[in-house]
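There are 2 protein chains.
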Amino acid sequence: MRRLKCIVAYDGTDYSGFQVQPEQVTIQGEIEAALQRITGETIQIVGSGRTDAGVHAQGQVIHFDTASSIPLEKWRLILNNQLPSSIIVKDVEEAPAGFHARFDVKVKEYRYCIDNGPVPDLFYHRYADHIRYPLDIEAMQQAAGCLIGEHDFTSFCSAKTFVEDKVRELYDVRVERQNDFVWVICRGNGFLYNMVRIIVGTLVEVGQGKRAPREIKQILEAKNRELAGKTAPARGLTMWQVEYD
Amino acid sequence: MRRLKCIVAYDGTDYSGFQVQPEQVTIQGEIEAALQRITGETIQIVGSGRTDAGVHAQGQVIHFDTASSIPLEKWRLILNNQLPSSIIVKDVEEAPAGFHARFDVKVKEYRYCIDNGPVPDLFYHRYADHIRYPLDIEAMQQAAGCLIGEHDFTSFCSAKTFVEDKVRELYDVRVERQNDFVWVICRGNGFLYNMVRIIVGTLVEVGQGKRAPREIKQILEAKNRELAGKTAPARGLTMWQVEYD
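Protein chains in written order, with the numbering used here: chain A, 104 to 348; chain B, 104 to 348.
Be aware that a few hints might be false.
If several chains are the same, the list does not tell them apart, and a pair holds so long as it fits within one copy or across any two.
Unchecked claim - Straight line, CA to CA, 30 Å or less: simulated DSS-like cross-link-like pairs of lysine-lysine:
1. Lys313 - Lys193
2. Lys333 - Lys177
3. Lys193 - Lys209
4. Lys177 - Lys313
5. Lys193 - Lys333
6. Lys108 - Lys193
Read the hints as simulated data drawn from the structure, not as lab findings. On a predicted model such as this, the values are computed, not experimentally measured, just so you know.
Hey, can you work out the whole structure from these sequences and the hints?
Written out as structure tokens, the structure is:
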């Protein structure tokens, strides 16, 4: 047996999320079915984390074990030939000894794309949330800065989050305008359920002038989901990269 | 009654082309259904031309007549609210007197997108054809130049083309590399069935070294579809803009 590590991109629009679920079309399900066709083995893949229905990835990392002797350099092409065009294997390598795609994550980066032009850009209609009134990027950046560091993110995760420990560290939260697009970039050691989408929803309300940047600190301290903004739509969110040691 | 002229973008991936067909989901069908919901009228729209199943548009032009008194500046938003996110109305204006979206076309521009990177770009997986071996752009450009001007394009249209007169004038055929992408840009006074896709399919064979650029002239002169290259896939083709006087 050997363990392979892959970087996978996907368009999550037409999938019920990453994780296998009965009767649903999922990213994991599609990849495992492709592996079965390729190797004849029943393979269970492990991802760095789940993504919700409609969320995309540019750099999801997975690992799996196989007895197949297919040479390393052929794997990417063989996998892509077996996968739908909405799932793309970007890289395949032998996993370092003892590597685990979920347990060994050091940094995760998500990017949220807002199409802030007067009319939606066709080529981003699946990958961006369209908000046509111009956003105040400086106010959003000021608010974003208050989220950096180690905090209890209870206010910024779904009320349905069942993990006990809601302390996470964000290494960077950045708001950048590129032509008509506004990108919110979040890097951290881990993210709670809906955390990036609630951060973005709150920053958007700041960018619309509905909230002051200084409210972020109060929202964090209150540990109350109801004080933060709406959950931004899944379509704009992309798991951008996952870093390991 | 007044006549409105609209510029429409669409992602053709999930549609059976522009033109209404029984039992099929089409761009025209979706727009006419939206107009019916908005105005209560049964409205038939006229496009600058059809696009085939899977072909996109950034600047399709349509016109339609309506008795509705909705103010001009509200139309775009109302239409976009009624349309799926894969169809975007970019502009609505009062049509000039006697305007006809199909009969009055002066220039049409199509762009074909080839993703020539080693691995497909996720965000272009619906809008580009992926060809992973690097293409010889200079050879393609040299071949493209031979297509400019007035020619009988019998060799470069589907054998199922029923129009008699296959003479068209191409004002420009250009091949441009932008990072990993290669764009083929065609401007002309009209295009035959599958013409851009057959031009692209032939230029790709030149770019792969399978044909010499000088063959283009011979292919044109032979007036025989079998001498040209394969029809490139619909996914890479976008009706880019339509120009009127």
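message: Could you work out which of the previously given hints the structure breaks and list their numbers from low to high?
response: none
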